[in-house]
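**Student:** Residue numbers (my numbering), protein chains in the order written: chain G, 3 to 329; chain V, 3 to 329; chain C, 1175 to 1512; chain E, 1175 to 1512.
Keep in mind that a hint or two might mislead.
Pairwise CB distance ranges, derived in the manner of DEER restraints [claimed, not checked]:
(1) G/D217 x C/G1228: 30 to 38 Å
(2) V/D146 x G/A37: 20 to 28 Å
(3) G/E229 x V/D146: 47 to 55 Å
(4) G/R282 x V/G228: 51 to 59 Å
(5) V/F38 x E/E1501: 22 to 30 Å
(6) G/D217 x V/P199: 32 to 40 Å
(7) V/E32 x E/P1482: 26 to 34 Å
Source of the hints: derived by calculation from the structure; they are not laboratory data.
Positions of the beta carbon are idealized from the N, C-alpha and C atoms, including for glycine.
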Amino acid sequence: MPSNETLREMHRQMLRIRLFEETIQQIYFEGKTPAFDIAAGPVPGEMHLAAGQEPVAAGVCAHLRPTDAVTATHRPHHVALAHGMDMKKLAAEIFGKETGLGHGKGGHMHLFDPATNFGCSGIIAEGMPTAVGHALAFKKLGRDDIAVSFFGEGAANQGAFHESLNLAALWKLGVVFVCEDNAWAISVPKDKATAIPNNSDRAAAYGIPGVLVADNDPVAIHEAAGEAVARARRGGGPSLIEVKTDRLLGHFEGDPQLYRSKEELALLKERDALRAFERRLIDTGVLTAAEAEAAWKQARAEVDAAIEFARSSPSPEPASALQHVFA
Amino acid sequence: MPSNETLREMHRQMLRIRLFEETIQQIYFEGKTPAFDIAAGPVPGEMHLAAGQEPVAAGVCAHLRPTDAVTATHRPHHVALAHGMDMKKLAAEIFGKETGLGHGKGGHMHLFDPATNFGCSGIIAEGMPTAVGHALAFKKLGRDDIAVSFFGEGAANQGAFHESLNLAALWKLGVVFVCEDNAWAISVPKDKATAIPNNSDRAAAYGIPGVLVADNDPVAIHEAAGEAVARARRGGGPSLIEVKTDRLLGHFEGDPQLYRSKEELALLKERDALRAFERRLIDTGVLTAAEAEAAWKQARAEVDAAIEFARSSPSPEPASALQHVFA
Amino acid sequence: MAVETKRLLTTSKAISEAIAQEMERDPRVFVMGEDVGVYGGIFGATEGLLAKFGPERVMDTPISETGFIGAAVGAAISGMRPIVELMFVDFFGVCMDQIYNHMAKIHYESGGHVKVPVVVTTAIGGGYSDGAQHSQTLYGMFAHLPGMKIVVPSSPYDAKGLMISAIRDDNPVLYMFHKGIMGLGWMTPNPRATAPVPEEPYTVPIGKADVKREGRDLTIVTVSLMVHRALDAADDLAKDGIEAEVLDLRSLVPLDREAIVESVKKTHRLLVVDEDYRSFGTSGEVITTVIEGAFDHLDAPPARVTYPDVPIPYSRPLEQFCLPSREKIAAAARQLMG
Amino acid sequence: MAVETKRLLTTSKAISEAIAQEMERDPRVFVMGEDVGVYGGIFGATEGLLAKFGPERVMDTPISETGFIGAAVGAAISGMRPIVELMFVDFFGVCMDQIYNHMAKIHYESGGHVKVPVVVTTAIGGGYSDGAQHSQTLYGMFAHLPGMKIVVPSSPYDAKGLMISAIRDDNPVLYMFHKGIMGLGWMTPNPRATAPVPEEPYTVPIGKADVKREGRDLTIVTVSLMVHRALDAADDLAKDGIEAEVLDLRSLVPLDREAIVESVKKTHRLLVVDEDYRSFGTSGEVITTVIEGAFDHLDAPPARVTYPDVPIPYSRPLEQFCLPSREKIAAAARQLMG
Ligand SMILES: Cc1ncc(C[n+]2csc(CCOP(=O)(O)OP(=O)(O)O)c2C)c(N)n1
Ligand SMILES: Cc1ncc(C[n+]2csc(CCOP(=O)(O)OP(=O)(O)O)c2C)c(N)n1
Ligand SMILES: [Mg+2]
Ligand SMILES: [Mg+2]
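Same shape as in the complex, but just chain G:
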């Protein structure tokens, strides 16, 4: 069981992620109404939000240091923030501003942050080999840092998954593979894509531990991740963790979600893990209602400041598009 302090910290992470993304969601539709035009508004392009999946980011990243490497996917904000990415630089990048992580060149699917050794990729499963490489470097450099690779259940049917797990297992690298099973890959449900019910069972194909966290519960995730991270740090090799989590929103903003039943959507809303976790912390006395409210306020302030920073930052010079092709 995590300490009360850790529980409060996970709660804090989850809610700042949620608030950040809710705010981005609102802003995303600025300039896109009444006629939705993906290219319009302050935040154009695709937007993949992670509402519902905060427990995974918070539970896993609670064990990490900034020098640990994290690779994420097209849905990266929750992990990026939980691993400590500067929210201002993140917001500015999403706004395509000069002050963003990549001076506006990357955008929301291509966030790279040397300060937290964070990277992500818009190509399904292709962030996984990078994580293997980080861990390989750490081993060669004699560092006890580790690499964590987040990916969706849809990614687990891609060849890169297989190659990455085999390599990490073969070379006994310090990688924790975290599968966020939110049951959907855009409109394709997991059982129409994956031959077996649980990806954690695939760990056996590489001789590594496979752990199923059947609930979207930060505490259970924290526990599973704790073991895997510790094993990785002490040179015990990789692990695979699968979390059954929830995608509360559409695949991307603007997704009409015609493939999901109303019942499913209602159920998801009801069992929102963030609300449930907060209730539990209050019920068990880990958090007072006042503390909870203060946490929300504090997060609100942080998000507002980040958005304000992003909005007021200058756009990059158009001609700077030609820079940074080569170092």
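Chain G is fixed; fit chains V, C and E with the ligands onto it per the hints.
**Tutor:** Same frame as chain G, but now just chains V, C and E with the ligands:
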């Protein structure tokens, strides 16, 4: 236990494969001595021979019809012949002649034979998805033909392996995946490449049967394949069979094999599965010594005729290189 | 004689109609890909097909492009005629071996004995801030690799006719549709993405370029969304008395070199407009085609307006700086006129 | 003054020496790939390295190109300087996403904050009947895709100097060595594949072309093994009094456009020789470079001798029919001279 007739047929297949390849091996060095020049002689380019792996081809293909699809690798002759490819057209293709399967355009790694629905690929593991596709077509067409995909143990760490098995399992397709574990991928031993000892254990990652044939024994292979083929034919979905087999020769002709110990090479020679199988058939009265000799003679004659056909066939017109890009 | 009502369709509906008609005609045709079923394809190319033909013929796949594109190759060899979607062309790197070492080469390697009639559909193009991994065109790269036909339509009419040709073709065809020509409700409106399309099936030949606007002063050669930009620029140029001919290649393989050369022989000037990366691609090939076929007819060195040799940036001002535009095309044309 | 003994090395030994010297100099440099250890690399580029540096720094890998090339990218980001071998360039399709969407783009996407100093070594070229999946050059395809430097040496000297430059470069470099220039004992003997190479480390700049033979009558622009063929052809042409300048590009990205243009301004004629597929590639780009930079200096339309747009056939007469040769180059040069 296969019938005596089947045993004799497997023996016949194994020895005609062996004789064919031994002859190709000799011819391969024509024009390449004293100074080995890969581009010289009647058979230029890389040459991957399958001596030692005949039991796999013979044991599996004994269950197949010409309308079953087979996909093989850079080391394809044993499988091609066992599945019924015309030896003359095969030889002529290896000689790069107009009368070859592909009019000399394919060569030994790219053999395509509509008569036996055979294809192969020089790209490791990339013949596997094609097999899935054949089986998909058979299902759509209401045919009870199946597809068999042969691949090396080295291929089992490639992404295409994972994707193919998942797809075939998910769609319950009639595919038999046959892993020829000859312990080596060029100079890389299996334990330096694969995180677990037996690839058959990887079947669990797709919820399909995985069978280990621990000996390079045509009878055991025949039995395992029989079950898998029958399951595939009756719509029961794919299986994975792993055979511990032997690569008696170098990876390709000209390979100095500095990475293999003399002991290993001596041991392999000693336990040559073809000789052992023949001895056993004679010892158990399935075959008389005279019948065995006659079988060798018959195979010799077939091989000689095929080589003669290939040698005496015309080369393709040089300008025909520009044909067949498009149908 | 009855007044003919011209039926208007978006490009995406023209494509899905073409597929539906061919599926009705030929039971061997089926569709595979990510989100091609209920979703109807992320860019609408398979809209309505699942409802019409059911899940056996309109198959959602796992995210396993090597697996299912390879499966299309195998199915084609065994007698089917698959249409398989690679959601964004930018994802080619996870499955290029199947596309290029298998789909594109097996016919040749087999000496013509094996046919591989696969249509790969894929979305190309940027301009809406989708970043470096979701905005490329890449047609020049594919056109460099022999064995596949490459189709890049610009209009609803061509899109339907080329799709029917692609499905009926016995060769692998890469069918690349630009997101900006699809007429999607959620993309920046493009009036040219909705146009008259006959209801009955018809073909547009693969390998034939099309003069989308006649002109005498210079030839603008281009494809896909850039045809629209070039037509806009031609309107502007016309106000200055410059009459640009706009040649829409429609296919890159086979390349209609004759049409390019003929047009330049008439206009004596060539401008290539290319949304793909500048170097080692389409723009250089078109210019070289003219050098080889009409060198002595040129009144000025051919010029090109292209995407520069940089990955696609996310931020709008950066991306717009890189993309060829109506203004850049008109300016280059004016400069070419001297 | 002592007589200097010029040390002769094959290209493959020059490459492995360069790697060894850099590994000695910089502990962050390591090598990964299939059969790079005991085997020394199928084409000898890593010969002797395992014995010298041990299995931690010279790592044989499983057949998992996406996995280990991706691992090189990750390792580079975390401070190492990997050299990673893709055994044949023809296999790019199983790992192109790592090469191109990750290795080549991360620096740009990060706004310059992340460096990805990976060297990918790979074997190119045919001529020895290895068929459609083991004989291609494909450099034109890679050069089309921004974000990687592309190095294509032709001589032992350049090979060593360019390898050292590649390893020290903070950018991803694709280092493409033609099997025919390696000086391997089992390939058709090539006298130009063995030549003097200084023992001490030195660099050859990436992005600088090199005049391998000076001439006044025409410029032959080419790379890699085709430099050898062009030099042979130039010998033949010299007997007829035609003096060809042979320009070895050495790198395709960055492309030394200035050197191309300068040479053609001098000779007024351009012949491009290219072992890669003809269309949408290097030959068109070089010709376009001259059109853009020296149009008014041309005495004849530029010409090209290239591999045609067909997959590589296995049979020797077929393959030789397709490959550019000394004779074809000389004939094209004569025709260009009018
Ligand atoms: C190689 C590749 N194929 C397809 C896509 C398109 N795509 C983007 S997200 C997505 C679904 C991913 O599902 P999952 O891995 O479960 O992640 P989730 O979206 O549920 O977080 C798909 C198919 C892609 N980006 N890359
Ligand atoms: C994708 C790819 N990577 C590498 C190679 C080079 N290669 C050819 S054969 C081979 C070893 C294959 O080992 P295995 O699969 O065990 O088959 P075997 O040779 O033992 O029959 C390798 C690495 C290739 N052809 N394709
Ligand atoms: Mg998912
Ligand atoms: Mg093997």
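**Student:** Next step is simple, just say for each hint if it's right about the structure.
**Tutor:** Verification of the supplied hints:
1. G/D217 x C/G1228: 30 to 38 Å: 36 Å, holds
2. V/D146 x G/A37: 20 to 28 Å: 53 Å, violated
3. G/E229 x V/D146: 47 to 55 Å: 48 Å, holds
4. G/R282 x V/G228: 51 to 59 Å: With a Cβ separation near 56 Å, G/R282 and V/G228 satisfy 51 to 59 Å, so the hint holds.
5. V/F38 x E/E1501: 22 to 30 Å: 27 Å, holds
6. G/D217 x V/P199: 32 to 40 Å: 34 Å, holds
7. V/E32 x E/P1482: 26 to 34 Å: 30 Å, holds
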